[in-house]
Amino acid sequence: MSLQATTSQTVGPFLHIGLTWLICENLAPARVKGERVSITGRVIDGDGKPVNDALVEIWQANAAGKYGQKGFRGFGRSATDDQGAFRFQTIKPGRVPGPDGRLQAPHLAVNIFMRGLLKQLVTRIYFPGEAANAQDAVLARVPQARRGTLIAKKAAAKNGALEWNVSLQGRDETVFFDC
Amino acid sequence: MAQITGYRRPMPGTQPDYLFPRYASTVKRAPTQPLVLLPHSLTELSGPVFGRDDLKPTDHDLTRQHAGEPIGERIIVSGRVLDENGRPVPHTLVEIWQANSAGRYPHRIDQHDAPTDPNFTGAGRCLTDARGHYRFVTIKPGEYPWRNHYNAWRPAHIHFSLFGPAFATRLVTQMYFPGDPLLPFDPMFNCVPDERARQRLVSNFDWESTIPEIALGYRFDIVLRGPDETPMERKRRR
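Quick note, the sequences are listed as chains A and B, same order.
The first sequence begins at 26 in this note's numbering and counts up by one.
The second sequence begins at 1428 in this note's numbering and counts up by one.
Don't take every hint at face value.
Stated by the list, open to error - Taking lysine-lysine pairs in the DSSO-like style, the calculated list, with each CA pair at most 27 Å apart, reads:
no.	chain 1	residue 1	chain 2	residue 2
1	B	K1455	A	K178
2	A	K178	A	K95
3	A	K179	A	K74
4	B	K1455	A	K74
5	A	K178	A	K58
6	A	K95	B	K1483
7	A	K74	A	K178
8	B	K1455	B	K1567
9	A	K95	A	K58
To be verified - Just so you have them, the derived chain B footprint on chain A, three or more residues with Cβ under 8 Å:
no.	segment
10	44–56
11	60–72
Claimed, not checked - Part of the chain A face toward chain B, derived, beta carbon under 7 Å:
no.	residue
12	G119
13	R120
14	P124
15	L128
16	R140
17	L142
18	A157
19	Q194
20	V200
21	F202
22	C204
To be clear, the hints were calculated from the coordinates, so they are not data collected in a lab.
Quick reminder that beta carbons are idealized off the backbone N, C-alpha and C, glycines included.
I would like the entire structure built from these sequences, with the hints used as guidance.
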């Protein structure tokens, strides 16, 4: 039997009604092992204006590079505020096998939903100063000049604090994947 | 179980493009650079799992979440969640949200001149059962105006959000009602060229789930992306 996947539709402007009950911005309570990271960022539209009605979801492995382990769901959901800002506190994931079987660099998978998107945007967050980024099979598919949009930046003077912004359009347009 | 190596790519015409100017909000939000093809790895083949502990007993019944009963026509919305290979998707989270019977959302940016209902929030969730079935009790949502174009009205709809087994199977969609005269004019409903794909967004009136004296039933089956199977695997399963 062969069916076709249901057509995607936008979350629209009232997504908060149905989706904020599952907001999860702190993925890793104290008992979860791993290096703490906090990631904040803003979603900016083609006019340079903050997107105040986006939902950002992340999916990640635990510190040992395993998905879906007991005690760490690995799922985060944050709704942007009036400045277009979202935030996550989590642990840095371990390396997981890539499409070619070799280990990928540590990364978070990201789905972004908002009014004006008929289907979600798929992107990734990689970590700064990570030697493995140079060998990552997915990063390697991205034109070099745009790779930086997928790598979080160290936020000034704060321990473990990272910044990763999403530009929907324009010169610094974030790389989005055909997943 | 055969090892899944990736999820199927969509049949052309059945999934929307990002830029769709008839839906005005896409213009400043759609990517302008080409997407980068992402081969599926364990990252995309795995996904979060939700369970009963995440839900409250009244989460699936939007008519029983407040002190009184909401105003409007009570309905049952149910169906199955399947993958493209026709296999049920068991124990997966389904989230819904919708306007009340007057076409109003209890949301700070909804300024439509229609009453809110203190007994209706319009949000629900449930898990599919072992055979992929889900079921909600709710109120038939009203149509409402929006400012996309002159005299623009959204057909009655219910928003659906589903996870499925993997990051790659995540789906947000909308369910519509049969015979709605606004469907031909709605840019969102008409965002894909494939007529049959559009019609699959329209629920069917369903005697089976209709409860005498209580509520009409509407059936809405949802198909999530299925694992890409090699012809060899298909043969083995026969």
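We went through each hint and held it up to the structure:
1. Between the alpha carbons of B/K1455 and A/K178 the distance comes to roughly 25 Å, so the proposed pair stays at or under 27 Å and holds.
2. For a cut-off of 27 Å, the pair hint linking A/K178 to A/K95 is broken: about 30 Å separates their Cα positions.
3. Between the alpha carbons of A/K179 and A/K74 the distance comes to roughly 23 Å, so the proposed pair stays at or under 27 Å and holds.
4. With a C-alpha separation of about 10 Å, the suggested pairing of B/K1455 with A/K74 holds against the 27 Å cut-off.
5. Proposed proximity of A/K178 and A/K58 is supported: the alpha carbons are some 23 Å apart, at most 27 Å.
6. For the suggested pair A/K95 and B/K1483, the alpha carbons sit about 22 Å apart, so the restraint of at most 27 Å is met.
7. Between A/K74 and A/K178 the alpha-carbon distance is near 21 Å, which keeps this suggested pair within the 27 Å criterion.
8. Distance check on the hinted pair: B/K1455 and B/K1567 sit about 33 Å apart at the alpha-carbon level, beyond 27 Å; violated.
9. Distance check on the hinted pair: A/K95 and A/K58 sit about 12 Å apart at the alpha-carbon level, within 27 Å; holds.
10. Beta-carbon proximity to chain B at under 8 Å applies to 3 residues in the segment 44–56 of chain A; the threshold of 3 is reached and the given coverage holds.
11. For the segment 60–72 of chain A, the stated coverage by chain B is satisfied: 3 residues place a CB nearer than 8 Å to a CB of that chain, which reaches the threshold of 3.
12. This hint is violated: A/G119 has a C-beta 12 Å from the nearest C-beta of chain B, more than the 7 Å allowed.
13. For A/R120, the shortest C-beta to C-beta distance to chain B is roughly 11 Å, which exceeds 7 Å, and the interface hint is violated.
14. Annotation: A/P124 was flagged as interfacial toward chain B, and the flag holds, the nearest CB pair being 4 Å apart, inside 7 Å.
15. Using the Cβ-Cβ criterion of 7 Å, the hint placing A/L128 at the interface with chain B is not satisfied: the shortest such distance is roughly 10 Å.
16. Taking 7 Å as the C-beta cut-off, the interface hint given for A/R140 holds, the closest approach to chain B being about 5 Å.
17. Hint status for A/L142 relative to chain B: holds, with the closest Cβ pair at about 6 Å, below 7 Å.
18. With 7 Å as the threshold, the beta carbon of A/A157 stays out of range of chain B, its nearest partner Cβ sitting at about 14 Å, so the hint is violated.
19. Here the hint on A/Q194 is kept, as its CB sits about 5 Å from the closest CB of chain B, short of 7 Å.
20. A least Cβ separation of about 6 Å between A/V200 and chain B falls short of the 7 Å threshold, and the interface hint therefore holds.
21. Because the closest C-beta pair between A/F202 and chain B is about 4 Å apart, less than 7 Å, the hint holds.
22. Annotation: interface hint on A/C204 holds; nearest CB of chain B at approximately 5 Å, less than 7 Å.
In this structure, the earlier hints numbered 2, 8, 12, 13, 15, 18 are contradicted, and the remaining ones agree with it.
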